[in-house]
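Asker: Under the numbering used here, the first residue of the sequence shown is numbered 239, with each subsequent residue one higher.
Be a bit skeptical, because a hint or two may be false.
[What the hints assert, rightly or not] With a straight-line cut-off of 27 Å between C-alpha atoms, the simulated BS3-like cross-links for lysine-lysine are:
#, residue 1, residue 2
1, K407, K457
2, K251, K354
3, K378, K399
4, K336, K326
It is worth saying that the hints were derived from the structure and are not from the lab. Owing to the predicted nature of the structure, the values given are computational and were not obtained by experimental measurement.
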Amino acid sequence: MEDFIRMPLIGDKAPAFEAVTTQGNIKFPEDFKGKWVILFSHPADFTPVCTTEFMTFGSMIDQFDALNVQLLGLSVDSLYSHIAWLRKIRELEWKDKKHIDITFPLIEDIRMDIAKQYGMIQPGASNTQAVRAVFVIDPKGIVRTILYYPLSTGRNFDEIKRIVIALQKADRENVATPADWREGDDVIVPTAGSCGTARERMENPEKDTYCLDWFLCFKKSK
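When you get a sec, could you build the whole thing from the sequences and use the hints?
Answerer: Set out below in structure tokens:
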């Protein structure tokens, strides 16, 4: 029986690893200090859904760069398979995406060591392919968000970007973001921690702040 490996959870330190990638050898997290990281896995190279996902990630690289985000892809295929696939992607055209260069590292994980560390191998789906996992990791190396998609379903990349923007907003301003929040929308201020604070918020709200009730107060977004 294989040794049990506990996958990282939200709030955990992201497991460290060294890897061979299409952009050279990397050490994680040392090589990415001060950056947000999106570590994501895909089932296999040269598969249809994965190809559309990489074309999408590749087309959004400037948007993620602007958010101080480093993309890191992973599958259990070889480095040479990765290189051949990325070269083929550049020849394809889908929707408004063509001549897409994948400039972020794609990790070789033939032995599945990293995939197992991060719970990307799920026997109910496949013993030989990683599921579509997404880990959003902050500049301190802490796991902040975990998403899993089945093999048949492509990821929502607008949502992945939205999550990063929301996390950065929450960290910067000590706020929370409501359902379906988008950049520029109003945010939620921390819940009142005393009866006096609750009463004060309802009777004399601060500038640019309004409350639906004592426990649900919003602030105009900056």
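Asker: Holds or violated: K407 and K457, Cα atoms, limit 27 Å.
Answerer: 13 Å, holds
Asker: Starting from K378, check that the Cα of K399 is at most 27 Å away, please.
Answerer: Judged against 27 Å, a Cα distance of about 19 Å means the pair holds.
Asker: Within a Cα-Cα threshold of 27 Å, do K251 and K354 meet the stated pairing?
Answerer: 16 Å, holds
Asker: Just to be careful, I want the Cα atoms of K336 and K326 compared with a cutoff of 27 Å; is the pair within it?
Answerer: OK: K336 and K326 at ~11 Å, within 27 Å.
Hint compliance for this structure: every hint is met.
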